[in-house]
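The sequence shown begins at 37 in the numbering used here and counts up by one.
Quick caveat, the hints were computed from the structure, so don't treat them as lab data. For every residue, glycine included, the Cβ atom is placed at its ideal position computed from N, Cα and C. Treat each hint with caution, since some may be false.
Here are the in silico distance ranges between beta carbons for each label pair [stated by the list, open to error]:
#1 Leu159 <-> Gly134: 36 to 42 Å
#2 Tyr117 <-> Gln150: 25 to 31 Å
#3 Lys41 <-> His106: 30 to 36 Å
#4 Thr39 <-> Thr87: 25 to 31 Å
#5 Lys108 <-> Ser80: 17 to 23 Å
#6 Pro102 <-> Ala49: 46 to 52 Å
#7 Pro102 <-> Pro70: 43 to 49 Å
With a Cα cut of at most 25 Å, we get these calculated PhoX-like pairs of lysine-lysine [said to hold, decoys possible]:
#8 Lys62 <-> Lys83
#9 Lys83 <-> Lys41
#10 Lys91 <-> Lys62
#11 Lys62 <-> Lys41
#12 Lys108 <-> Lys62
#13 Lys83 <-> Lys108
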Amino acid sequence: GHTLKTVIPGMEALVGNVIERMCLDKGYRGHNAPPDYKFRVFISGQKRRVTPKIKRELRRRSAVEPVIGHLKSEHRMGRNYLWHRQGDATNAVLAAAGYNFRRLIRWLELLLRQILVQLIRRLQLLPS
37 GHTLKTVIPG
47 MEALVGNVIE
57 RMCLDKGYRG
67 HNAPPDYKFR
77 VFISGQKRRV
87 TPKIKRELRR
97 RSAVEPVIGH
107 LKSEHRMGRN
117 YLWHRQGDAT
127 NAVLAAAGYN
137 FRRLIRWLEL
147 LLRQILVQLI
157 RRLQLLPS
């Protein structure tokens, strides 16, 4: 939780924009964000200064956490066997691609089942 002082300026330089707000987990309580960012850091479970929009963003962050855990456990993102930064980036992209590919296959399977059910129903309605 004490990495914000060094990470925030680096993130802004990388993105090229000023960070409006950060939604973090409870590990960042008592953060050491620079004074300019003190009122832009929101932690899950926080009650003060939380607007409905920020509440939605915090809930969205909570929805992403299980996906990250799923990627780590079932898509080999828990252990990276590739070297250096390029390997880290490649591992993340491949894990995300595998995750999306599985979702696509599952969606296609459901679509095929619906098509087959409709075909069977129509064949049963036709007289012999």
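How the hints compare with the structure:
Distance hint check: the CB atoms of leucine 159 and glycine 134 are about 37 Å apart, consistent with the given range 36 to 42 Å. In this structure, tyrosine 117 and glutamine 150 break the distance hint of 25 to 31 Å, their C-beta atoms being roughly 40 Å apart. Between lysine 41 and histidine 106 the beta carbon distance is about 31 Å. The supplied range of 30 to 36 Å therefore holds. About 26 Å separates the C-beta atoms of threonine 39 and threonine 87, a value consistent with the hinted range of 25 to 31 Å.
Range check, lysine 108 to serine 80: Cβ separation about 20 Å, and the 17 to 23 Å hint holds. Taking the beta carbon of each, proline 102 and alanine 49 are about 31 Å apart, not inside 46 to 52 Å as hinted. Between proline 102 and proline 70 the beta carbon distance is about 31 Å. The supplied range of 43 to 49 Å is therefore violated. Restraint check for lysine 62 and lysine 83: the C-alpha separation of about 13 Å stays at or below 25 Å, so the hint holds.
Taking the CA atoms of lysine 83 and lysine 41, the gap is near 24 Å; set against the 25 Å cutoff, the hint holds. About 15 Å separates the Cα atoms of lysine 91 and lysine 62, which keeps this hinted pair within 25 Å; it holds. For the hint pairing lysine 62 with lysine 41, the CA-to-CA distance comes to about 17 Å; that is within 25 Å, so the pair holds. Straight-line distance between C-alpha atoms of lysine 108 and lysine 62 comes to about 21 Å, which keeps the hinted pair within the 25 Å bound.
Of the supplied pair hints, the one linking lysine 83 and lysine 108 is violated, its CA atoms being roughly 31 Å apart against a limit of 25 Å.
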